[in-house]
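Asker: The residues making up each chain are set out below.
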Amino acid sequence: MTQVRKKIILLLITLALAGWPAAHCLAESGPESATLDRLANLYEAVNFNHSAHVDITEGNCAECHHHTTGAVPTNPKCLKCHPGGQESDSMACQDCHSAKRFEVAYLTEIESNTQLYHIDKPGLKGAYHQKCMGCHQTTGGPTGCQDCHVRNEKGDEFFHAGNFSPAPVAHNGGH
Amino acid sequence: MKKINRRSFLKGGLAGTAVVAGTAVSKESSASQSFGGYPDSMGVLVDFTKCVGCRSCEAACNKEQGLPAPDKPFDDMSVYDEIQHNGQKRRTSEKAYTIVNRYKVKDREAGPVFRKFQCNHCNEPACLTSCFVNAYTKTKEGAVIYDPTVCVGCRTCMIACPFYVPAYSYSSPINPVIKKCIMCYDTRLKFGRPPACVEACPQEVMTFGKRKDLIKIGNARIRSNPDKYIDHIYGEKEVGGTAWMYLSDVPFDQIGFNTHIGEQPIISYVKEFLTIVPMVLTIWPALFTGFHLLANRKEALKNEKPSGKE
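Protein chains in written order, with the numbering used here: chain H, 1 to 175; chain U, 1 to 310.
Note that these hints are calculated values from the structure, not bench results. Glycine residues also receive a C-beta, built at the ideal position from the N, C-alpha and C atoms. Any given hint might turn out to be false.
Far from chain U by the CB rule (all over 10 Å, computed), these chain H residues [unchecked claim]:
#: 1; residue: Gly-30
#: 2; residue: Glu-44
#: 3; residue: Ile-110
#: 4; residue: His-129
#: 5; residue: Cys-145
In silico DSS-like pairs for lysine-lysine, Cα to Cα no more than 25 Å straight-line [claimed, not checked]:
#: 6; chain 1: U; residue 1: Lys-104; chain 2: U; residue 2: Lys-228
#: 7; chain 1: U; residue 1: Lys-210; chain 2: H; residue 2: Lys-100
#: 8; chain 1: H; residue 1: Lys-100; chain 2: U; residue 2: Lys-212
#: 9; chain 1: H; residue 1: Lys-154; chain 2: U; residue 2: Lys-72
#: 10; chain 1: H; residue 1: Lys-125; chain 2: U; residue 2: Lys-271
#: 11; chain 1: U; residue 1: Lys-216; chain 2: H; residue 2: Lys-80
#: 12; chain 1: U; residue 1: Lys-271; chain 2: U; residue 2: Lys-237
#: 13; chain 1: H; residue 1: Lys-77; chain 2: U; residue 2: Lys-216
#: 14; chain 1: H; residue 1: Lys-154; chain 2: U; residue 2: Lys-95
#: 15; chain 1: U; residue 1: Lys-216; chain 2: H; residue 2: Lys-125
#: 16; chain 1: U; residue 1: Lys-271; chain 2: H; residue 2: Lys-121
Chain U on its own, in the form it takes in the complex (with noise of 0.2 Å):
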């Protein structure tokens, strides 16, 4: 039988380890691919220049998801002038699933612009890689669903979410949960139906189809009215693509936008680094177990030789 000495066992060692860091990569590589949402999932197309800022939608999502009712009656535009403590304007919450706030925009003819704002419905959510219990759901038709009975009320999601989107049930004392919207999956997109905000448009702001059907519709629209819109689809391929895609004629970042965001998933940014965690909890301390053991062998050895004489 071979000797094992030290060189030959180091050697070994490393090319064990090559053998296992290069097929970790390869599966990396194979990982790193952009998902791209199901090929005929549904999705939104939001038109801006069309919104009139009725509120309509903000009614509706409040009915159909039983939320409870509103500080102010839904045909009150005072809310328009809400600040919120933060400065900022008014946000999803757990008892609104979605906002339409009012951006005055220098120059415009027509006035106001009037942003209505819900989950964008990720192909890749930030959300659901980053919940730790699962609760999170990315169904063929495009929502992003969650399990509430699931949900431990951790808040990982709404620190994980591009868009501040999740809202949590601080008025539960006992059982906090995640609440956001679901683009109606439950009773409505999983049957086929369009979400409760966009059926009770009354001005067809927001256009319901398959994701990749409204592309071109929006494309469509920039096309034949290039001096209106601005040439860019809103979540066309931010954060590696959303269902709900928007259309505008001011800037985005004008109305509260974020156009830095960069068209990466939000999980790309730490798969590489999560691929390598397995590998240095499985072979490091078998590694340096040994080189341990090695150092230390001399040592050993010593100890054991004056016991043999005896």
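Only chain H is shown next, with the shape it has when bound in the complex (with noise of 0.2 Å):
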């Protein structure tokens, strides 16, 4: 019985070790870094260091990339459909992640496809700052906004800031 017992924990650990840099190889088989810049009329590019958050999410990929990267989904509602092991044609975000999520063109597709189960993913951006500052937040990472993207003259004149600052008010209210 214990030889058996053995048997099988080696045959686990070794299993385990064989998956480990497998996971780890596609973790590495991303890109270095990665150049978001969607809000560009607004902000700067925001140069997002990917193999840094590779290490920091310790190669668990699924953190962001949820089941794309063949990885077990940890939210066991996913499970039942993406049961993990399966790496999508795509993994970048905005593959899945529309930019044009409130268009004509996508609430029709929405509303249209009954067969359709996601009726309800993020817009490109919304995913990005969920995800990005959802984790920052309890992880103790940058939350402010230009900690991120830093604003350009085009977002100062849009949040009246900086150069376009209003004249201050002495008293505001007259009663």
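Two chains, two frames, some hints: make the complex.
Answerer: Shown next, in the form of structure tokens:
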């Protein structure tokens, strides 16, 4: 009995060790960094240090990429359809999270396609911010808007800040 | 010809009144049915659990609507400490059609709640029904818009609105009018695009879509996270339903919502009374004039008789 149990444990350890480099390699195959410039009309592009975040998550790609890397999802609800082990065609955020989330075509698709389960998938900007901010808030990462993306001149104009700040009001309200 | 005596006149009069009253009642009961909103109208679902209070929505609104420059930059978070002279937090004004306020909530792990608010674009708007110059329109897309060229500045809608949304251009001495959020109808909603605040929000606090789909999405979020969310979509039924609806992880009354507002559209409180008004104005004068003439008939005859003899 003990011999069998030992063998099983050894087998499990071997499998675990075999699986580890596989998962690790997958993470390593990701880009070193990525430039996020969707908000370039108001902010400077973000130079996202991908490899640093691989280290932070200790190679657990599912932390951000859900099941798309083939990792087993942590949420049991996701497991029902995504048991893990299947790598998706794309791992890029923008290929699932639409940058046109509220445009007519997208809204029509989620309304008319009754087979579609994910009718409440965040758009690209929402996905980035909810994921990044959600983690930064709990792990002590930067959470200020300009900690990640510095505003450009158009951004200052938009926010009426910097050179576009309103003249200070001496007294607010007359009462 | 049958002689009309007092008794038959009264009988006929009463029967007539009953018939008119009867039709008035049946009209009233059909009018009492709730409108419930246009079937394919759009809306916005606001999820306060996601808001970080960056005020991007306020800045976007300012730009889109061409509003005057704010008193403080939109990245100035000291506005959250502002208390107005009435002891309340900031509210919508002629310079800001949307406002984000901060509510400190005890024992909330994520810190304070940031609550955006603006016109809720009711299915049956009280502002619209209260406006005697018909300045307001509820569009099929769901927006409650208004025609400032018609507005006479009476401010009845400000009193009628259960959410205290319409603001007034007090700064204009010549032609002060009502100012409020129109859900970016002219520039965006009309063309199927989301309001500027929705698009500007980094956290996607707001979900734009058909109102009926948003209710499904809201319920699904509550269902998949029952420990997090309050089991209620504010605005789904309040005052007959609103285009803007809200999800929260703290009770709504703790973040400035009126939870005793009821599910009846505001118009339903005055509908019954208003249906009686035309009846009173048309039937009562005729009826009581008739009574008066009958009551004084003998007097009149008495006065006539002597003149007849002579």
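Asker: Could you run down the list of hints and mark each one as holding or not?
Answerer: Hint-by-hint comparison with the structure:
With 10 Å as the threshold on Cβ separation, the claim that Gly-30(H) sits away from chain U holds: the shortest Cβ distance comes to roughly 24 Å. Every CB of chain U lies more than 10 Å from the CB of Glu-44(H), the least distance being 15 Å, so the non-interface label holds. For Ile-110(H), the non-interface assignment is contradicted: its Cβ lies about 7 Å from the closest Cβ of chain U, within the 10 Å cut-off. Not every beta carbon of chain U lies more than 10 Å from that of His-129(H), the smallest distance being close to 4 Å; the non-interface claim is violated.
A beta-carbon of chain U comes within 10 Å of the beta-carbon of Cys-145(H); the shortest separation is about 6 Å. Proposed proximity of Lys-104(U) and Lys-228(U) is supported: the alpha carbons are some 17 Å apart, at most 25 Å. Note on Lys-210(U) and Lys-100(H): the hinted pairing holds, with a Cα-Cα distance of about 16 Å set against a maximum of 25 Å. Only pairs whose Cα atoms come within 25 Å are accepted, and Lys-100(H) paired with Lys-212(U) is accepted, the gap being roughly 20 Å.
Straight-line distance between C-alpha atoms of Lys-154(H) and Lys-72(U) comes to about 17 Å, which keeps the hinted pair within the 25 Å bound. With a C-alpha separation of about 46 Å, the suggested pair Lys-125(H) and Lys-271(U) falls outside the 25 Å cut-off, and the hint is violated. Proximity of Lys-216(U) to Lys-80(H) is assessed by CA-CA distance (about 21 Å); at most 25 Å being required, the pair is judged to hold. With a C-alpha separation of about 19 Å, the suggested pair Lys-271(U) and Lys-237(U) falls inside the 25 Å cut-off, and the hint holds.
Our distance criterion of 25 Å between C-alpha atoms is met by Lys-77(H) and Lys-216(U), whose separation comes to about 18 Å. Between Lys-154(H) and Lys-95(U) the alpha-carbon distance is near 21 Å, which keeps this suggested pair within the 25 Å criterion. Proximity of Lys-216(U) to Lys-125(H) is assessed by CA-CA distance (about 22 Å); at most 25 Å being required, the pair is judged to hold. Taking the CA atoms of Lys-271(U) and Lys-121(H), the gap is near 42 Å; set against the 25 Å cutoff, the hint is violated.
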